[in-house]
Amino acid sequence: MHLFLLGVSHKTAPVDLRERLDFSSGDLGAAVEMLAAKPAAAESIVLSTCNRSEIYLASEDAGRARQEAIEFLSGFHQLPQDAFVPHIFTFEDAAVAQHLFRVAAGLDSLVVGEPQILGQVKDAFHAASQRHCAGPLLTKLFNWSFAVGKRVRTETGLGEGAVSISFAAVALARKIFGRLQGRRVLVIGAGEISTLTAQHLRSHGVADIAITNRTAANAHALAETVGGRAVPWTERMTALGSADIVVTATGAQRPILTREQVERVRKRGNPLFIIDVAVPRDVEPSVGDIEQVFLYNVDDLQSVVEENLSRRAAEITRAEGIVADEVARFTAWRRSRAAVPTIVALRQRFDAIRRSELQRLDGKLTSLPPEARARVDEVTRLIVEKLLIEPTEQLKALPDEETQVAYTEALNRVFRLREEESREEDEESAEQARRE
Amino acid sequence: MGRAATTLLLFGALAHTFVIGMQTMEVRFNPVASTSRAVSTFVWLLTLSYLYLELTTDERAMGVFILPVIVALQVIPVVFPGMANSDPVLNSAWFWVHVSSLLFAYASFALAGALGLTYMLQFKEIKKKHLGYLYTRLPSLQILDVMNWRAVTVGWLFLTVGVVVGVVWTAQARVIAPNDPNLQAMSLDDPKILGAIVTWAVYSFAMFARTTLGWTGRRAAWLSALGFAIILLNFLPVNYFVTTSHTFQ
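From first to last, the protein sequence lines stand for chains A and B.
When we follow this note's numbering, the leftmost residue of the first sequence carries the number 6, and every step to the right adds one.
When we follow this note's numbering, the leftmost residue of the second sequence carries the number 12, and every step to the right adds one.
Keep in mind that a hint or two might mislead.
[Said to hold, decoys possible] Derived DSSO-like pairs (lysine-lysine); straight-line CA-CA distance at most 27 Å:
{"hint": "1", "chain 1": "A", "residue 1": "Lys155", "chain 2": "A", "residue 2": "Lys16"}
{"hint": "2", "chain 1": "A", "residue 1": "Lys127", "chain 2": "A", "residue 2": "Lys155"}
{"hint": "3", "chain 1": "A", "residue 1": "Lys43", "chain 2": "A", "residue 2": "Lys145"}
{"hint": "4", "chain 1": "A", "residue 1": "Lys272", "chain 2": "B", "residue 2": "Lys203"}
{"hint": "5", "chain 1": "B", "residue 1": "Lys140", "chain 2": "A", "residue 2": "Lys369"}
{"hint": "6", "chain 1": "A", "residue 1": "Lys127", "chain 2": "A", "residue 2": "Lys16"}
{"hint": "7", "chain 1": "A", "residue 1": "Lys127", "chain 2": "A", "residue 2": "Lys145"}
{"hint": "8", "chain 1": "A", "residue 1": "Lys391", "chain 2": "B", "residue 2": "Lys139"}
{"hint": "9", "chain 1": "A", "residue 1": "Lys369", "chain 2": "A", "residue 2": "Lys401"}
{"hint": "10", "chain 1": "B", "residue 1": "Lys140", "chain 2": "A", "residue 2": "Lys16"}
{"hint": "11", "chain 1": "A", "residue 1": "Lys43", "chain 2": "A", "residue 2": "Lys127"}
{"hint": "12", "chain 1": "A", "residue 1": "Lys391", "chain 2": "A", "residue 2": "Lys401"}
[Said to hold, decoys possible] Short, incomplete list of chain A residues facing chain B, as computed with Cβ under 7 Å:
{"hint": "13", "residue": "Cys55"}
{"hint": "14", "residue": "Ser169"}
{"hint": "15", "residue": "Ala176"}
{"hint": "16", "residue": "Lys180"}
{"hint": "17", "residue": "Ile181"}
{"hint": "18", "residue": "Phe182"}
{"hint": "19", "residue": "Gly183"}
{"hint": "20", "residue": "Asp305"}
{"hint": "21", "residue": "Val309"}
Note that these hints are calculated values from the structure, not bench results.
Since this is a predicted model, take the numbers as computed values, not measurements.
The beta carbon of each residue, even a glycine, is placed where N, CA and C say it ideally should be.
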């Protein structure tokens, strides 16, 4: 059985093609079932996120699996094959494991280390597993990848630190205030970053988001988007007095918050976190000198993000090391599975010899009492088992595929295992011939 | 790693409990009557308070500041066991309440000091926008500030109880043993007593400043660090090198 992977990702295909090959918007389960119906697909899983669509197959014939995967993509999405075939990538066996482990660890993501991908890999597996399309090999592979994703997250700093301005702002707010429940937010002006920041703050359970804008209609619109309340522009200073976190994003050419204004409305002792994402700045820099006021502008947040990104980049090598380690372990596991038929044949051969010898001695053993005969049977069985313990272990732990082929070949020849197999095959074909 | 460290500290604290318990029960040895034993008891109380904090908040970062203090202080009772028996004047329940409340107060202040120090480091990183190694590991400013406030409040209460009991007990003891030189020397110009009063004044001010002047955050952190510096000064050099009314032979 081979592992086979065919897919497109943000590294190989432009966004419009990825959109057309996306499964996540539709019924993923139906897609997996349709794929699993293909004859070469013994086991199948479809992984689809906004950055990738990937088809994982376990198949006896990798060449046919490739063709069927392409047919499936083309058929399911109503796309001519020429439209996407130049953009696909394919992997086989150990390379499939390496790719999936890197994906699960967040190493293949657009933003390295982003945390959502592991959940998406899990969803893909569950969608296939619920419809009995996953099978033993892909189940093992995917469960292994969950462990790799978790290991990379706990053992490296790959997912640490916010890597977008709005997340960095929320992370800072949490470092200042601890839990954000019960905190009050004031948003002055509107903009993409301020909207995102307000939404993140809302998801952390802030008590109140007041939104003010020179144009009242804009304030109402934003209040609706983020679930806050609009405050008239003239009352912004009152709102500032009771706020813990302020986000400013107006288009004003000159500062709209001066040190004097802030000092006038602030109660002493309460910390105030001001996030100024406007360019030019909305808040006088000297406001940041007030005791208990923390002022961050867009450049400060950008440098936090860049620092976090470079810290993540430094962790990539360690994460890749973990992936390589796990791929090696997964490959060793598969090899140990590949040794099973040889081990079984070896056991059958030894046992057959044991039985035939016992049978031969049957006449001489009849004089013995039943317990003694049972003992003889037991002892011979134990001898065979003991003889096979070490070879079994060694066969399961062979270092690479080449050695494994050589050993299998040697064992087949030394113990005439192949001969018996082929004799059985001959008998089968003879029987078939008879039937025909 | 962190979990292993906590477990190790827990075992250390249990062993310490056993030693102090044995000395008190078997040897009939007052666990607080000599400076070295008092230091040992203080370390024990501080460890227990810190463990409580660590186990309830799951924040381990402060251990970096607390454990060096614990280890350094415990060196003293290890080097000078100070098991000699003490002045019969000290065989009093009042004495026991006096010393143990003060030790507990000092343990709380030690925690408050470490929390204050942590707060200042964290504050500086956020304010100066250098989010470095500590930023990712320390608890939030708010948590540090609230824990500091609690530790100072508890410490101040026990300090007050300890000082009041000391005054009351001195008055009683003077009646029983009018010629005891130590009891005669108990006055405000005694360095040990003066130190305690200064400590009490500093923490009273910290309490007052927080509730009425709005001195939270960094100012409160400064005060608790300053207060603990005075305590250390009063506890160690004064006890070991200066003869005071509290030097019992």
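Hint check:
Only pairs whose Cα atoms come within 27 Å are accepted, and lysine 155(A) paired with lysine 16(A) is accepted, the gap being roughly 24 Å. Distance check on the hinted pair: lysine 127(A) and lysine 155(A) sit about 12 Å apart at the alpha-carbon level, within 27 Å; holds. A hinted pair counts as satisfied when its Cα atoms are at most 27 Å apart, and lysine 43(A) with lysine 145(A) qualifies at roughly 21 Å. Among the hinted pairs, lysine 272(A) with lysine 203(B) is inconsistent with the structure: their alpha-carbon atoms are about 40 Å apart, more than 27 Å.
For the proposed pair lysine 140(B) and lysine 369(A), the alpha carbon gap of about 93 Å is over 27 Å, so the pair is violated. Note on lysine 127(A) and lysine 16(A): the hinted pairing holds, with a Cα-Cα distance of about 22 Å set against a maximum of 27 Å. Distance hint between lysine 127(A) and lysine 145(A) is fulfilled; the C-alpha atoms sit about 13 Å from each other, no more than 27 Å. Our distance criterion of 27 Å between C-alpha atoms is broken by lysine 391(A) and lysine 139(B), whose separation comes to about 70 Å.
Using a Cα cut-off of 27 Å, the hinted pair lysine 369(A) and lysine 401(A) is violated, with the two alpha carbons roughly 40 Å apart. Of the supplied pair hints, the one linking lysine 140(B) and lysine 16(A) is violated, its CA atoms being roughly 35 Å apart against a limit of 27 Å. Among the hinted pairs, lysine 43(A) with lysine 127(A) is consistent with the structure: their alpha-carbon atoms are about 23 Å apart, no more than 27 Å. Our distance criterion of 27 Å between C-alpha atoms is met by lysine 391(A) and lysine 401(A), whose separation comes to about 16 Å.
Below 7 Å, beta-carbon pairs count as interface contacts, and cysteine 55(A) has none with chain B, the closest being about 29 Å; its hint is therefore violated. With a least beta-carbon distance of about 15 Å to chain B, the hint placing serine 169(A) at the interface is violated under the 7 Å criterion. Checking alanine 176(A) against chain B by beta carbon gives a least distance of about 9 Å; that is not within 7 Å, so the hint is violated. A least Cβ separation of about 5 Å between lysine 180(A) and chain B falls short of the 7 Å threshold, and the interface hint therefore holds.
Against a cut-off of 7 Å between C-beta atoms, the interface hint on isoleucine 181(A) holds, since the closest Cβ of chain B lies about 5 Å away. Annotation: phenylalanine 182(A) was flagged as interfacial toward chain B, and the flag holds, the nearest CB pair being 5 Å apart, inside 7 Å. The beta carbon of glycine 183(A) comes within 4 Å of a beta carbon in chain B, closer than 7 Å, and the hint placing it at the interface holds. Because the smallest distance between the Cβ of aspartate 305(A) and any Cβ of chain B comes to about 5 Å, under 7 Å, the interface hint for this residue holds.
Here the hint on valine 309(A) is kept, as its CB sits about 6 Å from the closest CB of chain B, short of 7 Å.
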